[in-house]
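Participant: Top line first, the protein sequences correspond to chains V and G.
Going left to right, the first sequence walks through residues 1 to 297 as my numbering numbers them.
Going left to right, the second sequence walks through residues 1 to 382 as my numbering numbers them.
Incorrect hints may appear among the rest.
Unchecked claim - Calculated lysine to aspartate or glutamate pairs in the DMTMM-like style (CA-CA distance at most 20 Å, straight line):
id, chain 1, residue 1, chain 2, residue 2
1, G, Lys330, V, Glu109
2, G, Lys330, V, Asp225
3, G, Lys330, G, Asp354
4, V, Lys220, V, Asp269
Stated by the list, open to error - Partial selection, computed: residues in chain G whose CB lies under 7 Å from chain V:
id, residue
5, Leu117
6, Leu229
7, Ile230
8, Asp237
9, Ile288
10, Lys330
11, Gly334
12, Phe337
Stated by the list, open to error - Far from chain G by the CB rule (all over 12 Å, computed), these chain V residues:
id, residue
13, Ala35
14, Asn57
15, Thr113
16, Gln120
17, Leu162
18, Phe166
19, Arg178
20, Pro184
21, Asp269
22, Phe277
If you're looking for bench data, these hints aren't it; they were derived computationally from the structure.
Predicted model only: the values in this text are computed from it and were never measured.
Ideal Cβ placement from N, Cα and C applies to all residues, glycine included.
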Amino acid sequence: MLEVLFIGLSLGSILLLVALGLAITYGAMGVINMAHGEMVMVGAYVTVLSGIWLGTNIFVAIPLAFIVTALLGLLIERVVVRRLYGRLLDTLLATWGIAILIQQAVRLEFGLTFLGIHIQGLGPGLQNVAVPPFLQGTFSILGADINRYRTFIILVTAFLALMTWFIIYRTAIGTQVRAIIRNPKMAAACGIDVTRVNALTFAFGSGLAGVAGVMMSGFKTVFPDMGTSMVVDGFLVVVMGGVGSLLGSVLSAGILGEINGLVAAATNDILARAVVFGVVIAIIVLKPKGLFALKGR
Amino acid sequence: MPMKRRIDWAIYAAFVVLVMFLPLVMDAFWLNRVAKYLVFGMLGTAVALSWGYAGILNLGQGLFFGAGAYMLAMSLKLASTTSLQQGSDKPVPDFMLWNAEPGAPTELCCINKASFLWLPFQSQWFGVAMGLILPVVLATILGTIVFRKRISGVFVSIITLALVLLVRLVVIDSQPVTNGFNGLTDLGWFNIAGLEFDPYIVPTYYLVAVSLSLVLVGARLLIDTRAGLILQAVRDDQNRARYLGFDVPAYQTFFFAVSAAIAGFAGMLYVIVSEFASPTFMDLTFSITMVVWAAVGGRSSILGACIGAILINTISATVSETEGFAEAWKAIIGLIFVLVVLYLPRGLAGLAHDFIDRLLARKPAASPQPLRVSDASSQLAE
């Protein structure tokens with residue numbers, strides 16, 4: 001039983017890992033970033049490439065992926081998203097286009113395939129990342145075998161969630177972000193540089209996705225399409241938790257992860273995912289604002 | 001009839017005539033391809049109806065398409081001679097036989113626990129009826145729940161998206177009845193009074209072309225009705241429409257169901273021309289792709305969305321013939337999409353409308369005053 005609960009916790013932490021960045025971009029900025037899954041994918045590829053070309057392990061890849069995806073996020077915000085504030089559904093559509101672009105960029109190796117150049121680690125194929133030996137295998141607690149790497153993911157997720165919480169609730173820029181969540185126009189009237197804060201928020205959310213990608217690469221095959229299903233899961237977590245509520249996202253990720261783990265143990269993985277979708281639909285129908293909605297706006 | 005409306009109908013007529021004359025210049029292979037794209041055009045229309053006119057961005061249109069497709073595919077599977085010659089003289093789908101428990105009776109009623117669901121599908125017209133009824137019933141239930149609760153905007157999109165993925169998983173998981181991942185293949189031909197609709201013959205093309213024309217004209221007439229105008233009022237300001245005393249959820253649900261019926265109809269036609277049904281119809285990517293077509297063509301234009309779908313697919317097919325270019329084309333599609341959302345939110349149809357407006361404005365108007373009034377009324381009707 002402990003093992004099943006642990007699996008659930010692990011699934012929940014993976015959900016949260018992806019959802020954390022979305023909770024910020026969607027919650028704070030009202031941008032539905034469908035390219036978020038591609039940011040995860042880019043993070044995973046940073047791990048692959050740094051492993052091949054620099055010979056480094058995933059610990060080096062974490063800051064590297066954060067920087068790369070944050071810069072990519074900044075670029076996307078500057079070029080596209082900035083023009084679409086207040087047009088929620090249009091951000092969804094435009095970022096879907098961006099998602100396709102990023103996928104194809106990786107698949108075509110930034111167009112170099114047309115010149116006959118091949119970069120090892122890119123392209124349409126599958127990639128794998130080796131995990132450092134001390135993160136492999138299992139250890140046992142109370143007679144239950146616990147996977148080391150999954151534990152590592154849970155710890156990293158917890159750290160990232162705490163860090164995000166700290167930034168949002170205990171720093172000056174976090175206060176500005178929260179002000180924008182409540183009322184962007186009023187925030188601007190109070191002297192907050194909304195454009196700049198939004199750009200930084202988007203970059204931070206994208207960077208979190210990049211770190212999520214590094215963690216994903218350790219236990220999943222890396223390929224150009226890997227992000228598409230993740231972004232959906234991420235959104236379900238954020239919407240169920242309540243838009244703009246960090247705590248809501250944490251709890252709903254935990255709940256959905258445990259439901260997924262328990263149902264999967266009793267039946268199979270496919271049905272477990274179906275049940276998760278069902279639960280989310282039921283909650284959105286019953287409480288459209290999510291479990292922990294902010295008042296106001 | 002105001003000038004603008006007359007031009008509008010002239011364009012519809014031109015489109016229908018063009019579609020009807022295509023068989024004169026095309027071989028069977030391309031005709032089959034174009035028939036598929038016309039089906040996608042119908043999907044574009046369904047999306048435009050719910051998105052452009054009802055303001056409901058349905059990211060799960062694939063659910064209705066898939067429902068229609070599977071219902072007819074079940075009937076056609078039972079009509080297929082090749083998939084029945086697998087050691088049984090009774091009509092039992094081949095995949096059920098392959099996976100049957102040893103000693104199970106080889107009959108549709110009881111070869112596995114749920115195979116009795118297939119029994120009524122021995123009649124092709126039952127499959128056709130269900131292909132429309134199932135999407136409409138699903139949409140009505142969903143719409144009633146969602147719109148009565150006054151859920152709107154992105155939340156509707158998320159619900160529909162989660163629902164289509166849920167159903168997709170259930171279909172995959174119900175392997176004994178649906179053949180899971182593999183879907184229903186090796187289907188028989190659709191049959192009307194002895195005429196068999198081989199996907200590569202001209203009558204099949206006309207079946208699709210005539211269906212599309214009827215759907216287009218029907219949808220265009222529908223949005224000009226009183227109900228259609230009220231719907232657009234709801235889209236623009238839900239609360240105002242509600243305070244004016246209109247039963248907002250009823251209108252939304254009705255048009256949501258009409259859009260679902262069109263998508264289900266398209267699903268059936270697609271099964272006829274492509275001879276398979278598979279869970280990929282309910283993939284997230286496919287449902288969003290439909291929205292892309294509608295957005296490029298013009299989200300609030302019935303014909304524009306349809307042409308957008310046909311255009312994108314035709315260009316894709318042509319371009320993909322060049323080896324190595326297929327992947328690059330996908331990237332171009334992504335780019336086009338970003339550009340359309342940024343710079344052309346009304347799509348190609350918006351461009352066409354502006355062009356017509358400019359033409360009309362350039363013409364020396366004999367009496368400017370009435371022209372402006374009629375312009376306003378035609379805009380109201382759009």
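Participant: Hints first: check each against the structure and report whether it holds.
Facilitator: Structure-based check of all given hints:
Distance check on the hinted pair: Lys330/G and Glu109/V sit about 14 Å apart at the alpha-carbon level, within 20 Å; holds. Distance hint between Lys330/G and Asp225/V is fulfilled; the C-alpha atoms sit about 13 Å from each other, no more than 20 Å. Between the alpha carbons of Lys330/G and Asp354/G the distance comes to roughly 29 Å, so the proposed pair goes past 20 Å and is violated. Of the pairs offered as hints, the one joining Lys220/V and Asp269/V holds, with about 16 Å between alpha carbons and a cut-off of 20 Å not exceeded.
At a threshold of 7 Å, the smallest CB-CB gap from Leu117/G to chain V is about 18 Å, leaving the interface hint violated. Contact between Leu229/G and chain V, as hinted, is not supported at the beta carbon level, the nearest pair being about 23 Å apart and thus beyond 7 Å. At a threshold of 7 Å, the smallest CB-CB gap from Ile230/G to chain V is about 22 Å, leaving the interface hint violated. For Asp237/G, the suggested interface contact is broken, since its CB lies about 17 Å from the closest CB of chain V, more than 7 Å.
Evaluation of the Ile288/G hint against chain V yields a held restraint, the C-beta minimum of about 6 Å falling below 7 Å. Among the interface hints, the one on Lys330/G holds; its C-beta lies about 5 Å from the nearest C-beta in chain V, closer than the 7 Å criterion. Residue-level restraint check for Gly334/G holds (minimum Cβ-Cβ distance to chain V is 3 Å; threshold 7 Å). The interface hint given for Phe337/G is met, as the beta carbon of that residue sits about 3 Å from the closest beta carbon of chain V, less than 7 Å.
Non-interface call for Ala35/V relative to chain G: violated, since the shortest CB-CB distance, roughly 10 Å, does not exceed 12 Å. The Cβ of Asn57/V sits about 31 Å from the closest Cβ of chain G, beyond the 12 Å cut-off, so the non-interface label holds. Consistency note on Thr113/V: stated as away from chain G, yet its beta-carbon is not over 12 Å from all of that chain's, at 8 Å minimum. No beta-carbon of chain G is positioned within 12 Å of the beta-carbon of Gln120/V; the least distance is around 19 Å.
No Cβ of chain G comes within 12 Å of the Cβ of Leu162/V; the nearest lies about 28 Å off, and the non-interface call holds. Non-interface status of Phe166/V relative to chain G is upheld: no Cβ of that chain comes within 12 Å, the nearest being about 29 Å off. Once the 12 Å rule is applied to beta carbons, Arg178/V is consistent with being away from chain G; the minimum gap is 21 Å. The beta carbon of Pro184/V is kept farther than 12 Å from every beta carbon of chain G, the shortest such distance being approximately 17 Å.
With a cut of 12 Å on Cβ distances, Asp269/V falls inside the contact zone with chain G, its closest approach being about 9 Å. At roughly 4 Å from the closest C-beta of chain G, the C-beta of Phe277/V falls inside 12 Å, breaking its exclusion from the interface.
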